[in-house]
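For reference, the chains in residue letters:
There are 6 protein chains.
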Amino acid sequence: MTTPAPILVINPNSSESVTTGLSDALADFRAPGRPAIECVTIAEGPLGIITQREVDEAALRVGDLIASRPDCAAYVIACYSQPGLDLARSLTRKPVIGMHDAGVLAAMALADSFGVIAVSPLSIPRHLRLLRRLGVEQRLAAEVPLQGISVADSGHGEESFIQLRHAGESLLAAGAGAIVLGCAGMSGHRLRLEQALGVPVIDPTRAAVATALGLC
Amino acid sequence: MTTPAPILVINPNSSESVTTGLSDALADFRAPGRPAIECVTIAEGPLGIITQREVDEAALRVGDLIASRPDCAAYVIACYSQPGLDLARSLTRKPVIGMHDAGVLAAMALADSFGVIAVSPLSIPRHLRLLRRLGVEQRLAAEVPLQGISVADSGHGEESFIQLRHAGESLLAAGAGAIVLGCAGMSGHRLRLEQALGVPVIDPTRAAVATALGLC
Amino acid sequence: MTTPAPILVINPNSSESVTTGLSDALADFRAPGRPAIECVTIAEGPLGIITQREVDEAALRVGDLIASRPDCAAYVIACYSQPGLDLARSLTRKPVIGMHDAGVLAAMALADSFGVIAVSPLSIPRHLRLLRRLGVEQRLAAEVPLQGISVADSGHGEESFIQLRHAGESLLAAGAGAIVLGCAGMSGHRLRLEQALGVPVIDPTRAAVATALGLC
Amino acid sequence: MTTPAPILVINPNSSESVTTGLSDALADFRAPGRPAIECVTIAEGPLGIITQREVDEAALRVGDLIASRPDCAAYVIACYSQPGLDLARSLTRKPVIGMHDAGVLAAMALADSFGVIAVSPLSIPRHLRLLRRLGVEQRLAAEVPLQGISVADSGHGEESFIQLRHAGESLLAAGAGAIVLGCAGMSGHRLRLEQALGVPVIDPTRAAVATALGLC
Amino acid sequence: MTTPAPILVINPNSSESVTTGLSDALADFRAPGRPAIECVTIAEGPLGIITQREVDEAALRVGDLIASRPDCAAYVIACYSQPGLDLARSLTRKPVIGMHDAGVLAAMALADSFGVIAVSPLSIPRHLRLLRRLGVEQRLAAEVPLQGISVADSGHGEESFIQLRHAGESLLAAGAGAIVLGCAGMSGHRLRLEQALGVPVIDPTRAAVATALGLC
Amino acid sequence: MTTPAPILVINPNSSESVTTGLSDALADFRAPGRPAIECVTIAEGPLGIITQREVDEAALRVGDLIASRPDCAAYVIACYSQPGLDLARSLTRKPVIGMHDAGVLAAMALADSFGVIAVSPLSIPRHLRLLRRLGVEQRLAAEVPLQGISVADSGHGEESFIQLRHAGESLLAAGAGAIVLGCAGMSGHRLRLEQALGVPVIDPTRAAVATALGLC
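As they're listed, the protein sequences go chains P, V, R, A, E and X.
The first sequence begins at 1 in our numbering and counts up by one.
The second sequence begins at 1 in our numbering and counts up by one.
The third sequence begins at 1 in our numbering and counts up by one.
The fourth sequence begins at 1 in our numbering and counts up by one.
The fifth sequence begins at 1 in our numbering and counts up by one.
The sixth sequence begins at 1 in our numbering and counts up by one.
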């Protein structure tokens with residue numbers, strides 16, 4: 001009996017702790033006989049992907065990594081900006097799934113409209129471009145940013161949780177029936193936030209890996 | 001350690017063989033410690049859900065079933081017409097996922113545009129309404145029907161495979177980068193069709209269950 | 001000379017007083033030699049169609065009723081949730097017109113954008129689904145709900161009129177050039193509201209019957 | 001008891017026979033105690049409104065006529081190009097309904113998608129602008145023109161009927177569930193065409209007058 | 001060597017000072033060997049194009065003027081309401097460019113979403129119709145009107161500048177990345193406003209002439 | 001008197017002959033006292049930008065170049081794939097204009113719908129993504145590719161002209177009122193093609209520079 005090919009989850013930044021966090025959050029997808037969920041850090045990447053230059057530089061690294069791993073069954077780009085999505089799809093015929101797309105599409109599978117929590121006001125225009133490219137901007141109820149919280153802190157501590165809950169409540173008031181965490185860093189608060197708000201709160205990386213598992 | 005709540009996959013028609021087929025196609029999602037994937041038949045349902053009356057009657061049965069199973073973590077309506085989706089969502093705050101929506105959204109996670117294979121020309125107007133309701137009709141490259149193939153036969157035998165392959169080739173020519181099987185019956189041909197066409201071919205039930213697993 | 005076939009206006013709830021109100025509001029459409037406007041109550045229905053279950057149960061009754069009345073020239077479903085619209089269209093080739101669709105489309109025939117007054121905040125998500133299905137959500141200026149007013153009271157008394165006027169003024173401020181009454185119960189206030197607001201206020205049941213008469 | 005104010009149906013071209021045809025086609029809307037349906041010819045107009053200059057010149061005449069008739073309850077512009085619609089709405093707060101808009105919106109009240117028969121290929125770009133302005137171009141299944149048939153002949157004789165039937169069959173094949181006659185001249189063939197095609201065939205002038213009657 | 005044919009910029013109102021202002025604002029487009037930029041006043045026009053009747057009357061004059069000047073290479077309609085655009089295009093195969101369309105499209109070439117400053121709240125519905133006709137209403141971040149400022153004053157003096165700056169700041173807050181001056185009169189404040197706001201502020205007449213020059 | 005800052009036109013590929021061709025095609029925009037139109041080659045670029053990797057690598061080079069030239073008034077990315085557009089906009093507040101966007105938007109300023117000629121069938125999916133991102137995919141009449149013609153040859157010789165004319169005729173038949181050349185290489189045939197087809201044929205680089213000149 002053959003071992004199924006792994007699913008490669010790519011953290012385009014160089015923070016090993018982020019990759020560890022991702023891997024932990026995906027632990028329950030692992031089981032004997034199932035595809036391995038392999039989480040990798042791109043060591044040459046910056047500590048966080050924030051500027052557009054960082055996004056564009058990451059794209060090439062993501063492409064190189066995917067080209068070097070033809071043994072995988074599917075690829076997940078675990079960054080909400082999805083660096084290298086088009087490039088990766090030009091390099092392999094296997095599924096390549098971006099975290100933004102997967103998160104938003106999972107929300108649409110659950111509710112009539114969705115909200116997004118951004119880690120910063122600066123992220124919102126980029127997110128709107130991604131929604132427009134995906135063709136689903138009409139389903140967005142609203143997007144609300146955190147203020148003054150770093151990516152690393154967005155999933156830990158009371159201050160960030162309070163901001164997330166307030167953001168979530170604004171999104172509910174705007175009609176959102178599901179909420180997408182607009183940054184991988186926030187996933188540590190996902191379950192608590194879901195319980196506080198009473199609607200599905202989506203960790204886009206999990207959504208992306210789940211989509212990949214559905215295909216394999 | 002608690003056992004995770006199961007995911008309930010509802011076949012709204014009364015065909016046990018269809019339910020068995022569904023369950024087999026979901027086998028790899030099952031693992032120790034993971035949510036059970038429980039596939040149920042609605043015994044009072046018709047042998048197939050084809051007419052709008054059958055869809056509307058099924059809606060109430062699906063709602064009743066979901067209301068009677070508060071022990072589940074999520075519900076999947078394993079029929080492309082998604083009978084009872086709104087009703088179920090009015091009865092529970094847990095995730096309820098329709099097979100059509102999940103299949104189409106998975107395709108959008110993989111490709112710029114998607115195609116759908118319908119089991120019959122008569123299904124197409126209903127599918128277009130579902131796409132419009134979902135707000136993604138612009139992403140549809142084309143939908144192509146089989147001709148003279150029953151639901152039960154659509155996943156078995158050479159005649160149906162030949163029709164599926166021809167339909168898929170038409171969809172590729174129309175620009176589809178992923179293909180959604182527009183009927184649960186077709187899943188038996190999924191893998192072979194994917195290999196013949198070279199693009200992802202999506203079994204919407206698997207996509208729905210994967211989405212549910214991503215949330216749990 | 002033959003008598004023209006009647007237009008059947010179906011009140012899916014069991015409230016005879018609602019049916020009487022509907023019939024009165026349609027009185028001026030009746031004339032010698034013109035199609036009769038026959039308003040019927042579905043006696044097995046609930047007193048009001050509020051929950052999704054009530055909508056879905058009503059769908060089957062509406063379908064049965066229409067199937068039992070092949071003598072009619074056209075059918076109007078006089079409930080803003082339009083229970084049974086798809087079912088009815090699968091059972092007859094004659095025109096079947098839903099009250100929501102007719103009301104919104106009449107507003108679009110009169111003005112660049114329209115507003116809707118909902119009887120309750122809970123109705124709004126369902127209305128948005130109906131608009132999306134119809135494909136005209138971009139023409140909605142805004143929807144504003146009443147608060148704490150029952151369906152039965154929404155067309156009578158000062159309290160409901162005051163709320164309707166305030167709602168209407170909000171819709172005008174949002175740019176609405178015509179206003180749709182989002183519940184059959186409101187029609188008693190239609191004329192007074194139109195005079196207070198200075199823009200067309202549409203009773204969707206009248207709009208639906210008018211559309212039917214245009215076809216016969 | 002007061003007499004209700006009339007509905008003014010404006011034929012912007014100078015052909016009295018067209019106005020007579022319109023009036024005859026609206027005969028069944030007339031009844032004692034109901035608003036009169038007054039059909040008027042603009043004598044200074046051209047014999048047909050075909051070029052854009054004719055449309056734009058007609059706009060001013062339509063505006064003048066409406067301004068001179070404040071006694072009416074509503075106004076219908078009985079030309080598919082709707083000359084003067086915005087002007088009229090700037091001059092009166094009473095309903096002003098264009099024939100194109102009313103016809104298309106009536107079709108949308110009846111079916112999931114509609115087709116249009118144009119009297120000439122040259123009309124199609126103008127119709128598409130009207131649909132885009134109305135915001136419903138996505139609901140158009142297709143538009144098919146007649147070839148070499150004059151406006152006056154489009155509602156009479158075998159040659160035009162044969163072309164209409166062929167056009168209608170093409171529209172059915174493209175998925176149209178209702179068909180709009182894209183020229184007032186075609187109404188003489190409406191009933192026969194509806195019987196031949198088995199789907200609603202809409203005379204937009206009747207649709208516009210019906211919408212007006214629904215408001216009065 | 002031949003002299004290139006001129007570009008005709010048409011001011012549909014009869015204010016010579018507006019035409020002079022337009023011509024001055026276009027001065028830098030003029031150069032030896034380049035197409036002349038000829039700015040003309042329609043003497044029979046009103047002093048300002050404000051009402052819909054003025055728009056519709058201007059349409060015919062614009063058409064006549066264009067028909068009388070077949071020597072030109074392209075035509076710009078220098079009024080935000082674009083009177084006569086369709087008419088002109090029916091009379092010549094040469095490029096005819098409306099100021100609204102050119103301004104909005106230039107903004108879209110520069111930024112993800114744009115804002116519009118209207119000279120009056122009354123202009124906004126007309127602008128929205130123009131956007132819908134153009135098919136780009138989804139790219140509008142917001143439109144904000146001035147209050148109590150005449151067209152002539154909108155480009156001169158402190159009061160109008162203060163209102164423009166406040167309007168612009170509201171548009172930035174709504175996400176606009178570029179701002180379109182929704183009235184030819186405002187161009188006198190363009191440069192100062194752009195410096196105050198830090199995003200491109202577009203004079204639509206310049207955008208239209210630039211588009212014309214790009215074609216010649 | 002100060003010299004106006006130049007407009008920088010960036011050819012992201014390393015072909016000097018392409019840059020020379022671009023510069024020649026822009027010659028008439030140059031005049032004393034006007035901004036210089038400076039065309040630069042990115043020497044490290046590939047000879048052509050064809051694959052997605054080439055696009056993504058070019059993005060960084062375009063960003064670097066723009067960052068190194070703060071003396072310019074505006075930047076034009078003279079490649080239909082617009083490498084580095086988002087990056088450049090993150091690095092400067094001055095206008096950055098992509099050739100695709102400018103070409104398509106110029107077409108929309110001229111006609112109700114436009115067509116695109118692609119240099120290869122492989123380019124079409126990328127173009128559709130660009131249109132969707134721009135939000136104007138509904139205005140596309142059709143896109144038709146050349147077959148077996150290189151970028152370099154697409155603007156020279158009879159074989160490519162014949163293919164361009166056939167492609168253009170197909171686009172006219174699909175309703176296009178203006179045609180966008182979907183590759184910088186085609187501009188050598190622009191004028192001849194426009195004369196053959198009788199509708200505007202747009203060289204997107206000229207459209208982009210014209211838009212930039214309108215702002216300066």
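Hints are supplied without guarantee of correctness; some may be wrong.
Claimed, not checked - Okay, the calculated beta carbon distance ranges per label pair: (1) R129/A x P70/X: 40 to 46 angstroms; (2) S17/A x E159/E: 46 to 52 angstroms; (3) P121/X x G157/A: 45 to 51 angstroms; (4) R192/P x E159/E: 38 to 44 angstroms; (5) G33/X x R129/A: 38 to 44 angstroms; (6) R129/P x R30/R: 54 to 60 angstroms; (7) R129/P x R192/V: 55 to 61 angstroms; (8) R129/P x P70/X: 24 to 30 angstroms; (9) A152/X x D71/P: 26 to 32 angstroms.
To be verified - Computed, partial: chain P to chain X, Cβ under 8 angstroms: (10) P46; (11) G48; (12) T51; (13) Q52; (14) S90; (15) L128; (16) R132.
Unchecked claim - A few chain E residues that face chain X, going by a derived Cβ cut-off under 8 angstroms, partial list only: (17) R132; (18) A142; (19) E159; (20) I162; (21) R206; (22) A210; (23) T211; (24) L215.
Just so you know, these hints were derived from the structure itself, not from any lab.
Even for Gly, the Cβ is constructed at its ideal location relative to N, Cα and C.
To see whether the hints hold, each was checked on the structure:
no., hint, verdict
1, R129/A x P70/X: 40 to 46 angstroms, "44 angstroms, holds"
2, S17/A x E159/E: 46 to 52 angstroms, "59 angstroms, violated"
3, P121/X x G157/A: 45 to 51 angstroms, "46 angstroms, holds"
4, R192/P x E159/E: 38 to 44 angstroms, "53 angstroms, violated"
5, G33/X x R129/A: 38 to 44 angstroms, "41 angstroms, holds"
6, R129/P x R30/R: 54 to 60 angstroms, "56 angstroms, holds"
7, R129/P x R192/V: 55 to 61 angstroms, "38 angstroms, violated"
8, R129/P x P70/X: 24 to 30 angstroms, "25 angstroms, holds"
9, A152/X x D71/P: 26 to 32 angstroms, "38 angstroms, violated"
10, P46, "14 angstroms, violated"
11, G48, "15 angstroms, violated"
12, T51, "6 angstroms, holds"
13, Q52, "4 angstroms, holds"
14, S90, "4 angstroms, holds"
15, L128, "10 angstroms, violated"
16, R132, "6 angstroms, holds"
17, R132, "11 angstroms, violated"
18, A142, "16 angstroms, violated"
19, E159, "26 angstroms, violated"
20, I162, "23 angstroms, violated"
21, R206, "5 angstroms, holds"
22, A210, "3 angstroms, holds"
23, T211, "5 angstroms, holds"
24, L215, "6 angstroms, holds"
The structure does not agree with the numbered hints 2, 4, 7, 9, 10, 11, 15, 17, 18, 19 and 20 stated previously, though it agrees with the rest.
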